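Peer 1: The lines below spell out each chain.
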Amino acid sequence: MSMGASDQSQRAAYESWVDGYTSDLYRLAYRLVGQAAAAEDLVQEAFYHAWRSRKSLKDQGKARAWLYQILRYRYAHWVRDRTRRIRTTGIDGAPEKADGAHRQPLDRLADSEELQRALDTLDDRFKLPFLMVFLEGLTCKEAAAKLEIPLGTVLSRIHRARQSLREQLRGSVEQKASAERADASAHRDDTDRPRLKLGG
Amino acid sequence: MNEHFESLRCQMEEAAALPADDPQRQAVVRQLLAGPEAEQIWLDLLHEDEQWRLALRHVELPEGLERRLRSIPDEVPATGGSAWTVSGWWGGAIAAAAVLAVGVGLILSGGTEVNAAEMFAASAVQKHLDEPRLTVESADPGEIASSFRGHLPQEVRMPETMIDPTYRLVGGMKSRIDDKPVVYTRWERDGQVCAVYQFCKQDFPMGGDLAAPQKIRTPRPGRSDYEVTLWTEDHCAYALVAEQGARKLPQPPM
Chain A
1 MSMGASDQSQ RAAYESWVDG YTSDLYRLAY RLVGQAAAAE DLVQEAFYHA
51 WRSRKSLKDQ GKARAWLYQI LRYRYAHWVR DRTRRIRTTG IDGAPEKADG
101 AHRQPLDRLA DSEELQRALD TLDDRFKLPF LMVFLEGLTC KEAAAKLEIP
151 LGTVLSRIHR ARQSLREQLR GSVEQKASAE RADASAHRDD TDRPRLKLGG
Chain B
1 MNEHFESLRC QMEEAAALPA DDPQRQAVVR QLLAGPEAEQ IWLDLLHEDE
51 QWRLALRHVE LPEGLERRLR SIPDEVPATG GSAWTVSGWW GGAIAAAAVL
101 AVGVGLILSG GTEVNAAEMF AASAVQKHLD EPRLTVESAD PGEIASSFRG
151 HLPQEVRMPE TMIDPTYRLV GGMKSRIDDK PVVYTRWERD GQVCAVYQFC
201 KQDFPMGGDL AAPQKIRTPR PGRSDYEVTL WTEDHCAYAL VAEQGARKLP
251 QPPM
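Which chain is which? The protein sequence lines are A and B, in order. Be aware that the first sequence starts at 1, since it is given in this note's numbering, and climbs by one per residue. Be aware that the second sequence starts at 1, since it is given in this note's numbering, and climbs by one per residue.
Same shape as in the complex, but just chain A (with noise of 0.2 Å):
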């Protein structure tokens, strides 16, 4: 059976799509879930999605937008199917610090896994609003419409977002300095103890 103009000319929109905005989708499901599999599942969700309801898209301009909506979408089922509810332990779990100090701006952040492992302790109501304009590219203003809240609370909340992955963030790098420190007292303790002289 031969396709029709109008399914051909879906399909290609379709693939454009998948051409456009595949990695975007993925990098954001990955930062929202946190596993590899579970963004690819995401994202799979959303094409599928997106293609059920393609005749809603009204505006093509508007197709990058409308993705990331339902990828969204998608993950607040993700979220209410999970099984194993995963305790966030962080903006609401770690008590904040009181003092200042510290305020350098962070090298680490290229470690994507100790990005990931800080990303997944947030909440949802501080990760998102993070992601959404750090990594989508709304502003401020977009994602407080999209999220249907402020902008003094989009703003607040990215604000802790920060604060908590700045937090979790150095504090992985002092433990990994210490861990480091530790192994190289080991090595000096080791070349400097006498050495026995075999033989003679």
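Think of the hints as simulated: they come from the structure by calculation, not from any bench. All values reported here derive from a predicted model rather than from experimental measurement. Any given hint could be a false lead.
[What the hints assert, rightly or not] Each computed DSSO-like pair below joins lysine-lysine, with the alpha-carbon atoms no more than 27 Å apart: (1) B:180 to A:62; (2) B:180 to A:58; (3) A:141 to B:180; (4) B:180 to B:201.
For this one, chain A is given, so just place chain B on it according to the hints.
Peer 2: Chain B alone, transformed into the frame defined by chain A:
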């Protein structure tokens, strides 16, 4: 770092996330003329923001994902195109679902169909959790009703089934859910906070008289669930939003 700088830094963080031409951001930048220390904090922040943006993008795409996505249209039944839409009410509903990802969780019916009542309930919970600012603070239902007269096509009135006198009316505000007018009232007892929304029956897809109150549970990861009870009285429809396990505010006729 003193309190002044701490507060300035907080303002800067918020401003740094805004577009360059945003007045709030420009106001903060003007303050930077105060001194080099403030300027350095600002530059560090901008640098850090770029680091977040770049670092968040470091995600490796799984091999073959695009190929698998391309094959989806071949696997979807031909009837697929109109399963659900994102226009009108549903568009708002989907936005509401995104809101739920911010820690509220949500209940939707299974599969791909979206249950309108559940989506409404989800929006109602989210609005309540955002602790909206009350425009009228009063324990007098009459004062609330007169303050919001005209906001709804019908008279604003507390539900008749409000039978638990231990809850205290805190106040109310005009609000909207998916661009439809609602009146939000907040109630409190021993630190437990509930909300009651009044809206027009015909405004929502579950419009019409509900034969019996409908209870909808909205789970929240890592937190206690919320329960929304929807019921109708005359021309009004109501939604009670309460944390599950909390003593319920009204007891609609079951």
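Peer 1: Work down the list of hints and note, for each, if the structure agrees.
Peer 2: Hints and how they fare:
A C-alpha spacing of about 25 Å is found between residue 180 of chain B and residue 62 of chain A, which places the hinted pair at or below 27 Å, so the restraint holds. Taken as a hint, the residue 180 of chain B and residue 58 of chain A pair is honoured in the structure, with Cα atoms around 24 Å apart against an allowance of 27 Å. About 21 Å separates the Cα atoms of residue 141 of chain A and residue 180 of chain B, which keeps this hinted pair within 27 Å; it holds. With a C-alpha separation of about 11 Å, the suggested pairing of residue 180 of chain B with residue 201 of chain B holds against the 27 Å cut-off.
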